[in-house]
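Starting from the known structure of chain C, fit chain F onto it as the hints suggest.
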Amino acid sequence: MTHLTVDKPPRSRPAPAGRPGPLGRFSASSPSWLFAAPALVVYVAVVLYPAAAGVVYAFTDWSGIGQEMSFVGVANFLTLLDDEQAMGSIGNTLLLTLAIVAVQNGVGLLLALGVHAKLRSRAMLRVVFFSPVVVSPVMVAFLWKYVYNPDPSAGLNGLLGLRVDWLGDPSVALWSIAGMVVWQYAGYSMVIFLAGLEGVPTELHEAAMIDGAGTFQRFRYVTWPLLAPAVTINLMLSTIGGLKLFDQIFAATNGGPGYATETLSTVLYKQAFVFGKFGYSTAIALVLALFVAAVSLVQVYYLRSREVAS
Amino acid sequence: MTMTDLRNARMSRAQFFRMMGGLAAAAAATTACSTRPQTTASTGDGQAVTELKFVGVADQKAPMDGLLTAYQQAQPSVRLTASYAPTDQVQTSLRTQLGAGNAPDLHVVYPGSGSAMSMSQIAEAGLLADLSAQAWAATIPTGFKPAFQLDGKTYMYSAGSSVIGAVYNKKVFEQAGVQEPPATWSEFLALCGKLKKAGVTPIALGAQTPWVTQLITYALVPSTVYAKDPTFDDKQLAGQASFAESGWRQAMEMYLELQKRGFFNDNPNGTTFEQQTSMVATGKAAMAIQVSAVLPDFRKAASAPDDLSMFPVPGADDAASVWIPAGVVVGLGVSAKSRNVEQAKAFVDFLGRQENINAWAKAIAAIPLTQDAGSTVDPAVQSFLPFTKDRAVPFMDQRWPNAEVQPVHFAVVQELLAGKATVDEALKKMDEAYRK
Chain C
1 MTHLTVDKPP RSRPAPAGRP GPLGRFSASS PSWLFAAPAL VVYVAVVLYP AAAGVVYAFT
61 DWSGIGQEMS FVGVANFLTL LDDEQAMGSI GNTLLLTLAI VAVQNGVGLL LALGVHAKLR
121 SRAMLRVVFF SPVVVSPVMV AFLWKYVYNP DPSAGLNGLL GLRVDWLGDP SVALWSIAGM
181 VVWQYAGYSM VIFLAGLEGV PTELHEAAMI DGAGTFQRFR YVTWPLLAPA VTINLMLSTI
241 GGLKLFDQIF AATNGGPGYA TETLSTVLYK QAFVFGKFGY STAIALVLAL FVAAVSLVQV
301 YYLRSREVAS
Chain F
1 MTMTDLRNAR MSRAQFFRMM GGLAAAAAAT TACSTRPQTT ASTGDGQAVT ELKFVGVADQ
61 KAPMDGLLTA YQQAQPSVRL TASYAPTDQV QTSLRTQLGA GNAPDLHVVY PGSGSAMSMS
121 QIAEAGLLAD LSAQAWAATI PTGFKPAFQL DGKTYMYSAG SSVIGAVYNK KVFEQAGVQE
181 PPATWSEFLA LCGKLKKAGV TPIALGAQTP WVTQLITYAL VPSTVYAKDP TFDDKQLAGQ
241 ASFAESGWRQ AMEMYLELQK RGFFNDNPNG TTFEQQTSMV ATGKAAMAIQ VSAVLPDFRK
301 AASAPDDLSM FPVPGADDAA SVWIPAGVVV GLGVSAKSRN VEQAKAFVDF LGRQENINAW
361 AKAIAAIPLT QDAGSTVDPA VQSFLPFTKD RAVPFMDQRW PNAEVQPVHF AVVQELLAGK
421 ATVDEALKKM DEAYRK
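Those protein sequence lines, which keep their order, are chains C and F.
Counting in the UniProt record's numbering, the first sequence runs from 1 upward without gaps.
Counting in the UniProt record's numbering, the second sequence runs from 1 upward without gaps.
FYI, nobody ran anything at the bench for these hints, they're computed from the structure.
Each hint should be verified, as a subset may be incorrect.
As the list claims (entries may be wrong) - BS3-like, lysine-lysine: derived pairs with alpha carbons at most 25 Å apart:
#1 436(F) - 420(F)
#2 145(C) - 300(F)
#3 235(F) - 436(F)
#4 436(F) - 145(C)
To be verified - Here are the in silico distance ranges between beta carbons for each label pair:
#5 46(C) - 341(F): 27 to 37 Å
#6 82(C) - 231(F): 29 to 39 Å
#7 50(C) - 171(F): 53 to 63 Å
#8 171(F) - 67(C): 48 to 58 Å
#9 101(F) - 120(C): 35 to 45 Å
#10 106(C) - 317(F): 39 to 49 Å
Unchecked claim - Beyond 10 Å from chain C on every Cβ pair, some chain F residues (computed):
#11 79
#12 184
#13 353
#14 401
#15 422
Just so it is clear, CB atoms sit at the ideal spot from N, CA and C, and this is done for glycine as well.
Isolated chain C, as found in the complex (with noise of 0.2 Å):
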């Protein structure tokens, strides 16, 4: 059997100075941002974009559907400063906020410190505590409809012997859904948290208690100022999670009954897809998209600058 072999003629390129690292031509010396630039390219064109053309919408009176669009200049802004039912909402979207940020972490808290502790059973209180956050919202607000059934012999009703109509009587909807939306989210606090805590060294610990540090002297001195990241990253996006909270009211009451649940979030929705404002409703998203990047910058400047190293 012959061959024919072709002699590959020499590499024109010279060979790259240095001896070349791991990754080719990338190295060391590379700029950081060329390791993300993949995924980068492929968050602007899906995400960044998308958001930013959709910002135009905000300056129309598009109504979501046909051709007819023109531009409105700044009236959508202006409307909203007058619109009672959207300005009622930001009342109700803080309220939530506020309970939801300081339950879920208070419980995530106290969760956490629980599971962290030598428990036989931690690891798996781990997962059952865990275990609502991967359920999607709007399960959970089904699963909670029944919870909150408002029979007397039914539900959390029937387990307290309650007789309070949860989800139907307006000066109880928002704590019920801040209650639906705490029982979710409390165990994602918590491992949040148990990040924390892991990364406080025992050796502090074994340091306070030899100079009679009490259990709760250690906890105030050792063990919180080194869990201040994890309460910045805590705040933050629960902060966030409760601003732009919407698949569990929505599938909970729909803003209702009357107006008690409507927040930001379902006033946009509603304007959008409801009463067909889609120029309107763009407007309300952005100034719900700047408020909630607002109130984050503030927070997390704040919460930084009282975090120590370890």
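Then chain F, alone, in the frame of chain C:
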């Protein structure tokens, strides 16, 4: 080649790349298929098949399933894929599809002008095909034209009309010693009192489901508003009449009187449509004020469907001035942007044949749009027929000028039931929404 062979086989680099290339090509081919749905495939015998997509409201599933099968048999060259969603969701998902420019070929359309998916709103945006040329369109009764037509052109198909009244459980009425349905408002209140004394909830109300909140007002307003002034809608559109200064006030007060006297179940704001249905079907409650189109839901939930019937809610103390709400049932439109407009229109034309109108109307207890010897009217709505000629008015929202009044009505009724608003405040909010 067995699995072991495959695992042990040596593969050259070239073979490997060829194989991966093949996979990539196959993947590209499948993606191409899924992103660009083929609108024409072929049947076994080589005939071209047109695929039509249909999105309907859940209440239409019963009549549509039968008619779709019948159409496929008659027209093997058309394949219809149907999907259904409940009222609240279908409006959102369809609007999104319409906005994104990928509307299904056929889809649900609400009569008149008062909702985001209503005939006039979508037709105005140029998204509905003109159906005026079809034979059935020429037979639309004059009173119904505003529900079907915009500027004289027909954009929606509907099989007929439904009525709002009291769905009641005959067994429960018998056990409470009630002989026959009431003819006046006082008789209605007396009936509720009697039922309450007998230990059953007189009226089940599932006001947590937003659209249910409106039905009691809708049942009363024909008697308190339109019986006195049949031109109320025109005056309101001209700015000469308002909710606050009309019989709407009386209707709202009557609504609240029912609650004050304890004729509703506890916590209506925490009760859903499904719970309401089951309360009447199982005899826990005597009746529910509902639209006849959901009568099949009540029958499905009951162990003896024949126990359920309906009667008009008398909104006045003089039996002669009792009027009823009779509205065109949720309809169907053809997307103007469909690539198969003609085939989709042909299906609507098929639905418009008298025998198919009859079949549709029968399945949802509606009164057929046009009638022949084969038309049947559900026995449950027989008692409404004497009213349909000159003492019936379309559902109020069908002539409201925008999509905002209806949701405001839902919300203020919930507030009234919760005691968080007065009738004055409620009607003021509705008037404000009307003027937007």
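Notebook entry, point to check: Can you give the numbers of the hints that this structure goes against, from lowest to highest?
Noted result: 4, 9 and 10
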